[in-house]
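Listed below are the residues making up each chain.
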Amino acid sequence: MNSQNNDMGLIVKTMARVTIPLIGIFGAYVVAHGHLTPGGGFQGGATVAGAGVLFLIAFGLSETKNRINKTLYSALEGIGGLVFLAMGMLGFGVVFFYNTLWREGPVFNGEPGSLLSAGYLPIMNLAVGLKVYTGLVSALFAIALFRRWKK
Amino acid sequence: MKTTFGALSLLFMLGVLLVVANPNYGLQFGLGGEEWQKYRYTDQYYIEHGVEEVGGTNIVTDIVFDYRGYDTLGEATVLFTSIAGAIALLRKWRGEE
Chain A
88 MNSQNNDMGL
98 IVKTMARVTI
108 PLIGIFGAYV
118 VAHGHLTPGG
128 GFQGGATVAG
138 AGVLFLIAFG
148 LSETKNRINK
158 TLYSALEGIG
168 GLVFLAMGML
178 GFGVVFFYNT
188 LWREGPVFNG
198 EPGSLLSAGY
208 LPIMNLAVGL
218 KVYTGLVSAL
228 FAIALFRRWK
238 K
Chain B
107 MKTTFGALSL
117 LFMLGVLLVV
127 ANPNYGLQFG
137 LGGEEWQKYR
147 YTDQYYIEHG
157 VEEVGGTNIV
167 TDIVFDYRGY
177 DTLGEATVLF
187 TSIAGAIALL
197 RKWRGEE
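Sequences listed follow chains A and B, in order. So that you can map any letter, position 138 of the first sequence is 225 in the numbering used here, and since no number is skipped, the others follow by simple counting. So that you can map any letter, position 44 of the second sequence is 150 in the numbering used here, and since no number is skipped, the others follow by simple counting.
Keep in mind the hints are simulated off the structure, nothing from the lab. In this text, all values refer to a predicted model and were calculated from it rather than measured experimentally. Please note that the accuracy of each hint is not assured.
Pair by pair, the computed Cβ-Cβ distance ranges are [to be verified]:
| hint | chain 1 | residue 1 | chain 2 | residue 2 | range |
| --- | --- | --- | --- | --- | --- |
| 1 | B | Y151 | A | R104 | 47 to 53 angstroms |
| 2 | A | F113 | B | R197 | 30 to 36 angstroms |
| 3 | A | G96 | B | S188 | 41 to 47 angstroms |
| 4 | A | L159 | B | V122 | 20 to 26 angstroms |
| 5 | A | I230 | B | F111 | 35 to 41 angstroms |
| 6 | A | S201 | B | H155 | 17 to 23 angstroms |
| 7 | A | P125 | B | T187 | 25 to 31 angstroms |
| 8 | B | T187 | A | K152 | 24 to 30 angstroms |
| 9 | B | E158 | A | L169 | 28 to 34 angstroms |
| 10 | A | L232 | B | G180 | 27 to 33 angstroms |
Beyond 12 angstroms from chain A on every Cβ pair, some chain B residues (computed) [stated by the list, open to error]:
| hint | residue |
| --- | --- |
| 11 | K108 |
| 12 | L117 |
| 13 | F118 |
| 14 | L120 |
| 15 | V122 |
| 16 | V125 |
| 17 | Y152 |
| 18 | G156 |
| 19 | V157 |
| 20 | T163 |
| 21 | F171 |
| 22 | E181 |
| 23 | T183 |
| 24 | S188 |
| 25 | A192 |
One-sided and incomplete, this derived list gives chain B residues near chain A with beta-carbon spacing under 10 angstroms [what the hints assert, rightly or not]:
| hint | residue |
| --- | --- |
| 26 | G112 |
| 27 | A113 |
| 28 | L114 |
| 29 | Y147 |
| 30 | T148 |
| 31 | D149 |
| 32 | V166 |
| 33 | D168 |
| 34 | D172 |
| 35 | F186 |
Even glycine gets a Cβ: it sits at the ideal position worked out from N, Cα and C.
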C-alpha cells in the first residue's frame with residue numbers, strides 16, 4: 088500500500104490548504120452570480136472541481152479516499168440533473184422551459200441585475216454547478232483509483 | 107530544416123486563411139453578404155429583448171438557459187452519461203482483488 092501514499096511535500100500541502108478555500112469561494116461566486124456577470128453553472132462548477140483536483144493532487148489518494156463519499160457524490164449529481172429538469176418543467180402550464188418564475192412567480196422576480204431576479208436562472212445555475220462539480224470530481228477520482236497497470 | 111519548412115508552410119496557410127476569411131473582401135458564407143443584418147437578426151433580438159424577457163443581465167446565460175434550453179438539457183444529459191460510463195468502466199471489477 089506504499090504506492091497509494093503519493094502525497095506531495097509540506098510546501099505544496101500548505102499552499103493547497105491556503106488556496107483551496109479561495110478557489111472554492113471564487114467558484115461559488117461565479118455560480119451564484121451566473122445570471123449577472125460572465126460565467127455560470129458550468130464554469131463555476133469546473134472551478135470548484137479544480138479545487139477538488141488540487142486536493143487530490145496535493146494530499147494524495149488515500150487521504151482523498153477518506154474524505155470523499157462516493158455514494159453522496161453520485162446522488163448529488165443525479166439531484167442536480169433532476170433539479171434542472173424540474174425547473175424546465177415548472178412552466179408546463181404554457182410550454183416546456185417557460186420562465187414562469189420571472190413572469191408571474193412569487194420569488195426570483197426582482198429588479199434585473201439584483202441577485203434574486205431572472206426566474207429559474209439562478210436555480211438552474213446552482214443545479215448545473217453542483218452537477219458539474221460532483222461529476223468532474225468523481226470522474227477524476229475514478230481515474231486516480233484506476234491503477235491496474237501497477238500489477 | 108524540416109521543422110523550418112513546416113513552420114513556414116503553417117505560417118503561409120495562416121496568411122491564406124486570414125485573407126480568405128476576411129469579412130470585408132474574402133469569402134462570404136451563407137445568406138446575407140452585404141445585408142447580413144436583414145437575415146441574421148436574432149442576435150440583435152437577444153440583445154434588445156433578453157433582459158426584459160428572461161431577466162438576467164448576462165445575455166449568454168439568457169440564451170443558454172432559456173432560448174436554447176433544450177440544448178443545455180442535452181448537454182447535461184451528455185455530461186451525466188459520460189461520467190456514468192467513465193465510472194462504470196473504471197471501477198473495480200468483481201473478478202479482480
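Point to revise | Hints the structure fails to honour | key: The structure conflicts with hints 3, 4, 18, 19, 20, 21, 22, 23, 24, 25, 26, 27, 28, 29, 30 and 31, although it agrees with all the remaining ones.
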